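Undergrad: Protein chains in written order, with my numbering: chain A, 38 to 357; chain B, 38 to 357.
Bear in mind the hints are in silico, worked out from the structure with no lab data behind them.
Misleading hints may appear alongside valid ones.
All copies of an identical chain are treated as equivalent in the list; a pair is satisfied when it fits inside any one copy or across any two copies.
[Claimed, not checked] In the SDA-like style, the derived pairs of lysine to any residue whose C-alpha atoms are separated by at most 20 Å in a straight line are:
hint, residue 1, residue 2
1, K328, I134
2, K151, I134
3, K151, A130
4, K328, M38
5, K274, S205
As the structure is a computational prediction, the values presented were derived from the model and not from experiment.
The chain contents come next:
2 protein chains.
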Amino acid sequence: MINIVTGGAGFIANTLIDRLLEQGRRVVAFDNLKLGRLENLSRFYSHPGFQFVQIDVASPLSVCKALEDASNLGPIDEIWHLAANSDIPSGVANPDIDFRDTFLTTFELLKAIKGLPVKRFLFASSSAIYGDQGEIAIHENIGPLFPISNYGAMKLASEAQISAAVESHLSRAICFRFPNVVGVPATHGVILDFVRKLMANPDELHVLGDGTQQKAYLHVSDLVDAMLKIRDLTEDKRAVFNIGPVDEGVTVRWIAERVADRVSPSARILFGEGNKGWVGDVPKFKYSTEKVRSLGWSPVLGSQAAILRAIDEIACQQGA
Amino acid sequence: MINIVTGGAGFIANTLIDRLLEQGRRVVAFDNLKLGRLENLSRFYSHPGFQFVQIDVASPLSVCKALEDASNLGPIDEIWHLAANSDIPSGVANPDIDFRDTFLTTFELLKAIKGLPVKRFLFASSSAIYGDQGEIAIHENIGPLFPISNYGAMKLASEAQISAAVESHLSRAICFRFPNVVGVPATHGVILDFVRKLMANPDELHVLGDGTQQKAYLHVSDLVDAMLKIRDLTEDKRAVFNIGPVDEGVTVRWIAERVADRVSPSARILFGEGNKGWVGDVPKFKYSTEKVRSLGWSPVLGSQAAILRAIDEIACQQGA
Numbered sequence: 038m039i040n041i042v043t044g045g046a047g048f049i050a051n052t053l054i055d056r057l058l059e060q061g062r063r064v065v066a067f068d069n070l071k072l073g074r075l076e077n078l079s080r081f082y083s084h085p086g087f088q089f090v091q092i093d094v095a096s097p098l099s100v101c102k103a104l105e106d107a108s109n110l111g112p113i114d115e116i117w118h119l120a121a122n123s124d125i126p127s128g129v130a131n132p133d134i135d136f137r138d139t140f141l142t143t144f145e146l147l148k149a150i151k152g153l154p155v156k157r158f159l160f161a162s163s164s165a166i167y168g169d170q171g172e173i174a175i176h177e178n179i180g181p182l183f184p185i186s187n188y189g190a191m192k193l194a195s196e197a198q199i200s201a202a203v204e205s206h207l208s209r210a211i212c213f214r215f216p217n218v219v220g221v222p223a224t225h226g227v228i229l230d231f232v233r234k235l236m237a238n239p240d241e242l243h244v245l246g247d248g249t250q251q252k253a254y255l256h257v258s259d260l261v262d263a264m265l266k267i268r269d270l271t272e273d274k275r276a277v278f279n280i281g282p283v284d285e286g287v288t289v290r291w292i293a294e295r296v297a298d299r300v301s302p303s304a305r306i307l308f309g310e311g312n313k314g315w316v317g318d319v320p321k322f323k324y325s326t327e328k329v330r331s332l333g334w335s336p337v338l339g340s341q342a343a344i345l346r347a348i349d350e351i352a353c354q355q356g357a
Numbered sequence: 038m039i040n041i042v043t044g045g046a047g048f049i050a051n052t053l054i055d056r057l058l059e060q061g062r063r064v065v066a067f068d069n070l071k072l073g074r075l076e077n078l079s080r081f082y083s084h085p086g087f088q089f090v091q092i093d094v095a096s097p098l099s100v101c102k103a104l105e106d107a108s109n110l111g112p113i114d115e116i117w118h119l120a121a122n123s124d125i126p127s128g129v130a131n132p133d134i135d136f137r138d139t140f141l142t143t144f145e146l147l148k149a150i151k152g153l154p155v156k157r158f159l160f161a162s163s164s165a166i167y168g169d170q171g172e173i174a175i176h177e178n179i180g181p182l183f184p185i186s187n188y189g190a191m192k193l194a195s196e197a198q199i200s201a202a203v204e205s206h207l208s209r210a211i212c213f214r215f216p217n218v219v220g221v222p223a224t225h226g227v228i229l230d231f232v233r234k235l236m237a238n239p240d241e242l243h244v245l246g247d248g249t250q251q252k253a254y255l256h257v258s259d260l261v262d263a264m265l266k267i268r269d270l271t272e273d274k275r276a277v278f279n280i281g282p283v284d285e286g287v288t289v290r291w292i293a294e295r296v297a298d299r300v301s302p303s304a305r306i307l308f309g310e311g312n313k314g315w316v317g318d319v320p321k322f323k324y325s326t327e328k329v330r331s332l333g334w335s336p337v338l339g340s341q342a343a344i345l346r347a348i349d350e351i352a353c354q355q356g357a
């Protein structure tokens, strides 16, 4: 059974591919290597069930050709669509980035698989589609959705396309609404940012915003567990699932202090103003994960434990 | 005060422009004349406050230039974004149509107005964003949204972009979620279709589906009343409003019979199978309009009265 993983050289795909290969599936990873990194894949090269194709999923001719080649290996069972812009602030400054790398990748992929007997389409969506909902507990069944970043907007736009494609040619689709996810190989995010800053200047760490932003974090190992469990237990033609930790999360201040503990304990931590790090950042967030927990999943690591493990992993990755 | 109306040569814009001019606003209408028709605008040409620009809003250079020219007339107060593909079945067969005419028009327009002091962005969204929600009364605050046509998907994708743009550069936006709207100048829709068929063959009328699809219909005069009222009374930065009649709607069978009464009373009406007319059609639909009614709006015409008036208007338009 062939599984396609787009964004295959990126952060979350790395753990996912590992688990899919472990489950005996053949994996063909697509990536344009714009944000993904080839060295992330090196651990899979020796595996006979693994193959990498460097293509841009937003390019219709390339994606059709790559899918045709993959089909020659055997029927394509599942498509895990993880390719997207993951650099949210860059997409706030320039809407073309999320348009191309998040929206168009979905659009061209959905067109290209028309006619292929794909059993399931699995999409990496995001809590960013909800926008700033204040103190409300965010269930999957709330509305209206008011994303405040182009990233969130193009994830929601992708969910919409996928839903329409189920009507016309997809047999089944699941959208996983990711929380903030941490772990390695880290390509972006607050921990990597702090580790890099402290390695460059061990005396001071400048933090965007006043450090009071509080968010829940999930370790990538728990995220991938949830995705596989949801895939196995969901028979609906269309489904959306919030995935996230069950706790209230941690503040940016706490993360900054813990990174300093690990990388440079004597560093002074300096905070900015306001409780938004950048335009499009949601300051506070109450995420309901009741639905995925009703399937019997719960995270092994809470936000604190996930952050602590990820700090250690990322510090090692960066050689700190 | 300059008001831009995109899709200005289309069906709904025709009544909207009339009302805006009546309110003393200057109107600049944009249209690519792909679905819109120049003759729809002829009644405005003598009005000193009206101007038409033939451009494609999906073309970035044209839309920037047209907005710059409009700005030279005075500050742009409001943008009414109605340009879209309105031919839902064509977009089911070819996703490029809704992508280009509905999604990209919004995308390029939002980019082009960055930096202009637009007070309000008003968007013609659709009940199609909800998809088939079965027997649930569809309020604005329900989820998840599962559009079943590319039309609905690209309307939802447009709402998402608009929401993100409010965070970065728009001061205020309202999305009107339209029901099925009837009236003249008719460019598409079930009544025009039946009138044309009966004029071509007065003996028989072939209806897609079994005729049991039941939908609520609003007359365009009531729709535009609601839009103007919502604009005047809503101060939220982001708002979405369902607009629709308060009744349960009418069946396709009833519409077919009434069109036959008007155009060719002796015609035999022949039905197909299934309760969906085409892929992407939502068979039954309970639309909650509580929110707009709480502003003091209610339609003058219910579904039946709206259809009867529209049949007469469209029959006249077609010379029947």
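Undergrad: All hints, please: hold or fail.
TA: Status of the hints after comparison with the structure:
1. Taking the closest pair of Cα atoms, K328 and I134 never come within 20 Å of each other, the shortest separation being 32 Å inside a single copy and 36 Å across copies.
2. For the homomeric pair K151 and I134, the shortest alpha-carbon distance between copies (16 Å) is at most 20 Å, but the shortest distance inside one copy (25 Å) is not.
3. Within a single copy, K151 and A130 get their C-alpha atoms only as close as 34 Å, which misses the 20 Å cut-off; across copies the closest is 11 Å, which meets it.
4. In the homo-oligomer, the alpha carbons of K328 and M38 never lie at most 20 Å apart, since the shortest distance is 28 Å inside one protomer and 49 Å across protomers.
5. Within a single copy, K274 and S205 get their C-alpha atoms as close as 12 Å, which meets the 20 Å cut-off; across copies the closest is 35 Å, which misses it.
Taken one by one, the earlier hints fail for this structure at numbers 1 and 4, listed in ascending order.
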